[in-house]
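Kindly produce the complete structure, drawing on both the sequences and the hints.
Number of protein chains: 2
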Amino acid sequence: MSDVANSGSPLSGAAARPRLVMKFGGTSVANIERIRNVARHVKREIEAGFDVAVVVSAMSGKTNELVAWCKEASPLHDAREYDAVVASGEQVTSGLLAIVLQDMGVQARSWQGWQIPILTDQAHGSARIESIDGSEIVKRFSERSEVAVVAGFQGMHKATGRIATLGRGGSDTSAVALAAAIGAARCDIYTDVDGVYTTDPRIVPKARRLEKVAFEEMLEMASLGAKVLQVRSVEVAMVHKVPTYVRSSFDDPAHPQSGTLICAEEDIMEAQVVTGIAFSRDEAQITLRRVADKPGVAAAIFVPLADANINVDMIIQVVSDDQASTDITFTVPSADYDRARAILEKASSTIGFASVTGATDVVKVSAIGIGMRSHAGVAARAFKALSEKGINIRAITTSEIKFSVLIDAAYTELAVRTLHSLYGLDKA
Amino acid sequence: MSDVANSGSPLSGAAARPRLVMKFGGTSVANIERIRNVARHVKREIEAGFDVAVVVSAMSGKTNELVAWCKEASPLHDAREYDAVVASGEQVTSGLLAIVLQDMGVQARSWQGWQIPILTDQAHGSARIESIDGSEIVKRFSERSEVAVVAGFQGMHKATGRIATLGRGGSDTSAVALAAAIGAARCDIYTDVDGVYTTDPRIVPKARRLEKVAFEEMLEMASLGAKVLQVRSVEVAMVHKVPTYVRSSFDDPAHPQSGTLICAEEDIMEAQVVTGIAFSRDEAQITLRRVADKPGVAAAIFVPLADANINVDMIIQVVSDDQASTDITFTVPSADYDRARAILEKASSTIGFASVTGATDVVKVSAIGIGMRSHAGVAARAFKALSEKGINIRAITTSEIKFSVLIDAAYTELAVRTLHSLYGLDKA
Numbered sequence: 030m031s032d033v034a035n036s037g038s039p040l041s042g043a044a045a046r047p048r049l050v051m052k053f054g055g056t057s058v059a060n061i062e063r064i065r066n067v068a069r070h071v072k073r074e075i076e077a078g079f080d081v082a083v084v085v086s087a088m089s090g091k092t093n094e095l096v097a098w099c100k101e102a103s104p105l106h107d108a109r110e111y112d113a114v115v116a117s118g119e120q121v122t123s124g125l126l127a128i129v130l131q132d133m134g135v136q137a138r139s140w141q142g143w144q145i146p147i148l149t150d151q152a153h154g155s156a157r158i159e160s161i162d163g164s165e166i167v168k169r170f171s172e173r174s175e176v177a178v179v180a181g182f183q184g185m186h187k188a189t190g191r192i193a194t195l196g197r198g199g200s201d202t203s204a205v206a207l208a209a210a211i212g213a214a215r216c217d218i219y220t221d222v223d224g225v226y227t228t229d230p231r232i233v234p235k236a237r238r239l240e241k242v243a244f245e246e247m248l249e250m251a252s253l254g255a256k257v258l259q260v261r262s263v264e265v266a267m268v269h270k271v272p273t274y275v276r277s278s279f280d281d282p283a284h285p286q287s288g289t290l291i292c293a294e295e296d297i298m299e300a301q302v303v304t305g306i307a308f309s310r311d312e313a314q315i316t317l318r319r320v321a322d323k324p325g326v327a328a329a330i331f332v333p334l335a336d337a338n339i340n341v342d343m344i345i346q347v348v349s350d351d352q353a354s355t356d357i358t359f360t361v362p363s364a365d366y367d368r369a370r371a372i373l374e375k376a377s378s379t380i381g382f383a384s385v386t387g388a389t390d391v392v393k394v395s396a397i398g399i400g401m402r403s404h405a406g407v408a409a410r411a412f413k414a415l416s417e418k419g420i421n422i423r424a425i426t427t428s429e430i431k432f433s434v435l436i437d438a439a440y441t442e443l444a445v446r447t448l449h450s451l452y453g454l455d456k457a
Numbered sequence: 030m031s032d033v034a035n036s037g038s039p040l041s042g043a044a045a046r047p048r049l050v051m052k053f054g055g056t057s058v059a060n061i062e063r064i065r066n067v068a069r070h071v072k073r074e075i076e077a078g079f080d081v082a083v084v085v086s087a088m089s090g091k092t093n094e095l096v097a098w099c100k101e102a103s104p105l106h107d108a109r110e111y112d113a114v115v116a117s118g119e120q121v122t123s124g125l126l127a128i129v130l131q132d133m134g135v136q137a138r139s140w141q142g143w144q145i146p147i148l149t150d151q152a153h154g155s156a157r158i159e160s161i162d163g164s165e166i167v168k169r170f171s172e173r174s175e176v177a178v179v180a181g182f183q184g185m186h187k188a189t190g191r192i193a194t195l196g197r198g199g200s201d202t203s204a205v206a207l208a209a210a211i212g213a214a215r216c217d218i219y220t221d222v223d224g225v226y227t228t229d230p231r232i233v234p235k236a237r238r239l240e241k242v243a244f245e246e247m248l249e250m251a252s253l254g255a256k257v258l259q260v261r262s263v264e265v266a267m268v269h270k271v272p273t274y275v276r277s278s279f280d281d282p283a284h285p286q287s288g289t290l291i292c293a294e295e296d297i298m299e300a301q302v303v304t305g306i307a308f309s310r311d312e313a314q315i316t317l318r319r320v321a322d323k324p325g326v327a328a329a330i331f332v333p334l335a336d337a338n339i340n341v342d343m344i345i346q347v348v349s350d351d352q353a354s355t356d357i358t359f360t361v362p363s364a365d366y367d368r369a370r371a372i373l374e375k376a377s378s379t380i381g382f383a384s385v386t387g388a389t390d391v392v393k394v395s396a397i398g399i400g401m402r403s404h405a406g407v408a409a410r411a412f413k414a415l416s417e418k419g420i421n422i423r424a425i426t427t428s429e430i431k432f433s434v435l436i437d438a439a440y441t442e443l444a445v446r447t448l449h450s451l452y453g454l455d456k457a
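Protein chains in written order, with our numbering: chain A, 30 to 457; chain B, 30 to 457.
Please note that the accuracy of each hint is not assured.
A pair holds if it fits inside one copy or across any two, identical chains being indistinguishable in the list.
Claimed, not checked - Heads up, simulated DSSO-like pairs for lysine-lysine below, C-alpha to C-alpha not over 27 Å straight-line:
id : residue 1 : residue 2
1  : Lys323    : Lys72
2  : Lys72     : Lys100
3  : Lys168    : Lys187
4  : Lys456    : Lys418
5  : Lys91     : Lys256
6  : Lys241    : Lys100
Since the hints were made in silico from the structure, they are not lab data.
Structural data, given as C-alpha cells:
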C-alpha cells in the first residue's frame, strides 16, 4: 500500500459544490457514439449539482494494439518506452471526451498525468501514485465550472519526468486516488456490470447485487478472484475512505440504475456474516513429500520462491506416512507453477525431500464477510456442507473476515453454489 | 518566420562528435518492420561517427484516424484538445523506435515535445516553435552516447503547458529546428522520394535529381507547389543555415544512395540560371470587370479578402474595353475561391464593378533559379516559348529568383515540359 493521494493542502472551500469523480473503462469509450453517452452521464451529474472530474481509459482494443507493437519491437522492451507508447491510448480518449463535452455546451479540458501532475514511483509498467496535485483542477471548478477530463492509468515519475503507467486496470486506481486528492464526495466507477454481486452470476443464477460492501470485504473479494475492481483501487479507497460506487455504463443516462456502494464498515447497518463467495482458477498446488522435519527447512523451501517473485499462498504441513518426516503442500499462481517446480527440483539437495508432485486443476473458493469477526464456527459449517456433497478439501486458509478452501476444479460450481445457499445469499 | 530554434547557450563541446538529425515520415515507420529498417539507418550513422537525434512522424494512417475522431466528436472542435489527441501518434512511434534501437544494442530514449521541452506559441494546430532546449539531449550524447528519439510535429505552449502541434508536415520543421538547437552538422530528411528534382518526374520523365539546391530556391519551390518539404522547415533551415539533406527512406541501410543537399548559395559552385520548374493546381482566378479607376479601390477589394484570411497572389490590372475603367484579375487558393467570390459580391457596392467572373481550371507554372539574379531576359524567353506552343498566359508574377505564369490547366504538362527543355534541365 503505497498509493498516496493528497495534494498536501486542504482543497475544499466553504461554499464549494460537492465534487464527484466518474471513471469510464475502455468499452464505455470504444467509439465516439459511446463517448457521447459518457458525456450525457457527466452532464446529468453537473446538473445534479456536482463539480466533476472524469477519468477515462483507452478506447477498447487500443491498449492491446499498442502492447502488441511493443512486444513485436522487442520481447524485452524498456518499460519506460512501453509506458510512453501505451499511455497514448488514454491521452486520445481524454481529448475526445473534452471535445464532446464542449460540443454539448459543457466547459471541459483534458489533463494528462504529467500536466496535473500525478507523480509516481519509478516502477514503470506498474507504478504507484505518490502524490496528486489537484489544486488547479479544483481552482477551475470554482472559477469556470470546468470539467476535468483526466487520462487514467498514468502519471509521471517524480524524478525523471518520464511517463509511468499504473498497470492493467490502473484507471480505477487513478480515479480513486484523484477522488482522495480533490476531496470528492464519491468516486463512481462505471463498468460493464451493474454492481458487485454475492458471487459470479454466470455460475450462480441466484446471485444478488449487493447494495453496500465494506472496503475490507471488497478488498478480499478483489484479491480472491472477483474481477469487478482492481485490488489497488480498493486499497486506496479504503485508506483514504473514498466512498466508491460501482455502476453500469450501459444505463440510460437519463434514468440511471442503482449499483453497489463500497463504503466504511460503520456505514453498513446490518453486516451479513458472509457477504460474498469468490473463486479463483489461477491456482496451482505443489506438494513436497517426506521433507526432513528440522529447523530451517521452511526457509530452504520458501526463500528461493520468494527470490523468484513467486507468491506462495496456502500452506499446510502434515506428518508423512513414514511418521519421521512431514509433507508440505502449498499453492502458487498457476502462471508460476512450472517455474516454481523447477526451482524446487534445483534446490532439492538443500531442502531434502522424497518427491515433488503438483496439480493445476484446482480452484480456490472463498467466503468473505465482516460478520465473521463476531460469529464463531462460520468456516466449520462450510467444511461440513462441502463434505456432505462429496467435495474433498485439499487445503484451508482463514483470516479475520474470510476463509478459503482449495478443491478440485471439477467441483467449482457445486462448491460455490453450496456455500452461496448455505450462507443465505440466494435471492428470493 | 517566427520559428526560433536555439537553446540560448552554446552546446558544442571541444571534443564532441559531429551531430546529425535524421527525420523519418509516416510511411517509413508504418509498421515495426519498417521501424526496424529506420533503426538500421540510425545505426549506420552512429557507426560513421555521429551523435544522432531522430525525429519521427506518426505511423502512416494514424494521424488521419485521430483527425477523423476529432471531427466526429465535433466539427468545431477545440484546437487544444485536437492537439492532445493528434500528438499521441508521434508519441507512439518515438517509444517504438527507442525500443527497436535498444533491441539492436543502441542506447536510445524517446522524448516528447513537452519533455525536451520544445516551446511554442499558442496557435494550436499550426503552432510555431519559439525555443528548444537541447541541453539534456546533448549532455546524453556525451555522457551515454544515447540516441534521442524525438516525437515530431509537436511542442508545448510556453505559458499553459498544453500540447501544441505544428500542423501537417510539421515533423520536417521539428527536425530542422532541433538540428539548429543542438548545432547539428546536418539534418537528413528521409522521404519517399530520393531527392529534389528539376520538376515532377511523373510529368516530365526527363526530370533530373539535383545534387544541391540553395535554401532560397528550395523555399520558392516548396511555396510554388513542390511537395517534398514543408515550406516552414525550409524557412527555418535557411535562417539557421542548417544543411538539409533530402534522401530516400527506401534505400538499403547498408548501401544508401545520394539525395539532394539544400544548402547556402555560396556552397553551390556553379549556379544554374533556372534550377527547377514547379507548378500548382491549387489556384483559382477571379476577374472584376469595369472597376472604377479611382484611389482606394484596391483597398476596397483586397482588405476584405485579407480580413477573411484569403491569400491573394498574382494581380494584374488592365484598362477595360470601355477605356474608362479597369479590369482587375488576381488569384486565390482554389479552396478559398467560393468564399472569395461571395465576399466580393457582398462588397460590390463599395468597390463598384460591372461583373465578377472566375476560373478554377487554371494552373500556376513557375521557374526558379538563383542564377536569374545575374541573367536578364530569362522570363522573356519563357513567354516566347509558351506563345509558340499556343499557350495563353493569363497572368504573370516575377521576383528576384523566380517567375510564375498562370495558364489554362489543360496546358500544364505541355508548359512544364516546354520550360524544362528551354532552360536545359532535361537529363542527357
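Enumerate the violated hints, using their earlier numbering and listing them in ascending order. 1 and 6
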